[in-house]
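Once you've looked at the hints, go ahead and assemble the two chains, each given alone in its own frame, into the complex.
Chains as they are written, first to last, in the working numbering: chain C, 18 to 262; chain X, 28 to 251.
No wet-lab data here; the hints were simulated from the structure.
Keep in mind that the hints are not guaranteed to be accurate.
[As the list claims (entries may be wrong)] Examples of chain X residues toward chain C, derived with CB under 8 Å:
hint: 1; residue: Leu213
hint: 2; residue: Leu217
hint: 3; residue: Arg233
hint: 4; residue: Arg234
hint: 5; residue: Leu241
Note that CB positions come from ideal geometry on N, CA and C, so glycine has one too.
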Amino acid sequence: MNGRAHALLRLFAVQGAWNYERMLGVGIGYAAEPLLEDLKVADPVRHSEAVVRSAEFFNCNPNLAGLALGATVRAEYDAAPGAQVARLRAALCSPLGALGDQLFWAGLLPALVGAALAALALGTGGRAVVGFLVVYNLIRVWVAVWALKTGLAAGMGVGSAIGASWIPRAVPRVGNAAGLLIGFALPLVAAWYLRPLGTIRAVVGVCLVAGAGVVAGRLFGARMTGSRFALIAVALTLLFRLVAR
Amino acid sequence: MTDPLVLAALLAWGTLVGLDLVSVAQAMIARPFVAGAVAGMLLGDPAAGLRVGVLMELFALDVLPIGAARYPDYGPATVAATVLAAGSPWELSLGLAATIGLLVSVLGGWSLQRLRRLNAEAVQRHAAALAAGESAAIRRLQYAGIARDTLRSAFLTAAGLAAAWVADRWLLLDRRTAVALTLVVLGAGLAAALGGALRSAGRSPRRRWLAAGLVLGLALAVLL
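Looking at chain X on its own, in the form it has when it is part of the complex (with noise of 0.2 Å):
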């Protein structure tokens, strides 16, 4: 963590997985559970990061990120959150771990906003070069809210790993405190999941489907 090269490829990272998020590429490596597996590598602990990318994941599969709605940014959060549970027993650490990376994904969301806002202060600053049909003005406010999103990125990542080095010095819970907020943060990303499912699935023969894929994985767990 304290590795200066380890935080440079951190902070790189998870300005990737903000960019990716809306601005560019959408290639999803900023899902949750990709994000965590990198991060993981990058601190030689990929279960770490698996275990916390799966649990974040959980929380993103509720979200449905149509057009102007306000989500959470769960990438850089998840980086952030797989420091803190890099190195030391992920039952204990995961609970608190999923917490910092919630309240940063919270941040990240509103993060967003703001960013959506100054976008749109900049097409007003510009309306008089695209109503004359500039196209350099268009590849100038391209460039600019990329840039603006790259910006963005780097600070949530920076602030993420600030929050983590903050609660891994400061937050020093006992055992039964973080195996219970372990368990507690799993239930709840195991309802975030569902709830999105179900929400996704309406009334349509999708429930159904659904159904059957939890009967299926219900049965399967069981067995093995």
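So that you can see chain C by itself, here it is in the shape it has in the complex (with noise of 0.2 Å):
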């Protein structure tokens, strides 16, 4: 099977057409058709088959989409019943979703970001920024080819390789990671803030709002999003400081 290479190239814009009609399904589609190219020459009417499967609706972590791809495309050439094909589809996005968003926006992603936080309040300057995108890049780069290459091997397997694969096992370790890294970084990052300011009014003054904004977080839920309490807080200042005037 050809095109692997660029499938991978591909597989960096699977959210380009990102929408609530297919969600991913175009983007996998887009990945899919190099892949698929062999299959044209070999039997041209799987082949159409195969593309209109390739792009329907389909949703999961941007960064696993690539087990869905290669295990979709192997099931292809194994001559699967298409139903089977689109059943399999089906079966990986809450699967596939689930371990990526925990593995990636919940575990190396802030893990990362808070090591660069604190290497930043510590002084590092530039070089935390540099550090985090080379780390972040080459991680999700090898979990990308990784992906592909084993979805390509398991076909209709690839619920097992999954299974059996070091993701389950490293989604509590990194989420562990993130969490003290977070923790680690958020002090440092208030005192790098803070020290210049050389105020004990100011630490109080920010630590008061941050208490505001977590309770406010509890009472109100999702509803009370960081930003939105930032914005009111700012109202309520910019209030306060005019009728102090």
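Structure representation (structure tokens):
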């Protein structure tokens, strides 16, 4: 099967046409095109059906999309019944979404951001930014290569391949690292801003606002996002200053 | 700020950053502290870029960009906020700059929703071609989606730069109000990051790791 490198590159734009109709579907179809080229010659009818299936509804974390792409393309080459390929695709949405979101958005990303923010607050400057970009991208490119390779090798057995892989074990470890590093970074970042101001009043003020923000977040849940609370607090501050004048 | 070359570079950077959030690459140049650092360098004030970027990053840590969730677009917003903060003492400019940044990020979140609806309408228009298995239709949809997001990001960055210019010219705050805004936004940012970390931790062992990190960080902050 040719076109793996092209498919891999296209996976980095898998959310290019993200929409409420098919979510990642069009992006997966776009990434599948080079992989399905050989099928066009071998079995044009099957190729046409495979193209239709490749762009149907699909959603998962973009970093693990290669697993679904590889598995469904392998299933097409193995002449699995079309309905079975569609079922495989549907069945992969939830696990790849949940695992990928936990691994990347709630794990690796906050862990590396926490490390970078702590390093910045400790005076490394721009090197922390460069380090963050290099480490994150090395990991996620490696994951993308692994995911496509594993999917292409496993085909219909991709579920077992995912279960036996490093991903389920890595999720809680990366999550714990994220908790530790974010927790470590926050006091350092606060000190980085507050130390130059040099007043206890500033520290107390910031702590009070931060406390109120956390309490508001707990009370109002998802409706009270961080940015909403900030904008309300800014409006109240401006009002208070206006009245005080 | 008025140098056309710098403005063009900021617009290009903001557009790239906006694209990186969802559509292309996701190399994390859209993270506010990255976007701010580069914007600060373009403006000749890297320190301001880092101060703004790290503050906006605290708000971004509150966001879990899952599926169809609506979330703010902090990248181009940070570029705009850095423009407002560059060249002035950060303790006076950070609060107003972050406020403008937060407003632009909300606009960015709305524009992302609009983009997704436009992409869905395009898919509906190409439904027959998709059902016929035309690869060209998939390519057209993909390229058009990326082109739309490029335009969205460019417009959002331009709107942010315009908002920064207006704020710089007309929103003149006295010293006490400016410092108060900085402290309020910093406190809100810390609350956002901590709230996000608590939510992600839930009742899992991760909460203990978070607490351990907080204790270690606090000890180091006091010692240094």
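Check each numbered hint against the structure and report the violated ones by number, ascending. none
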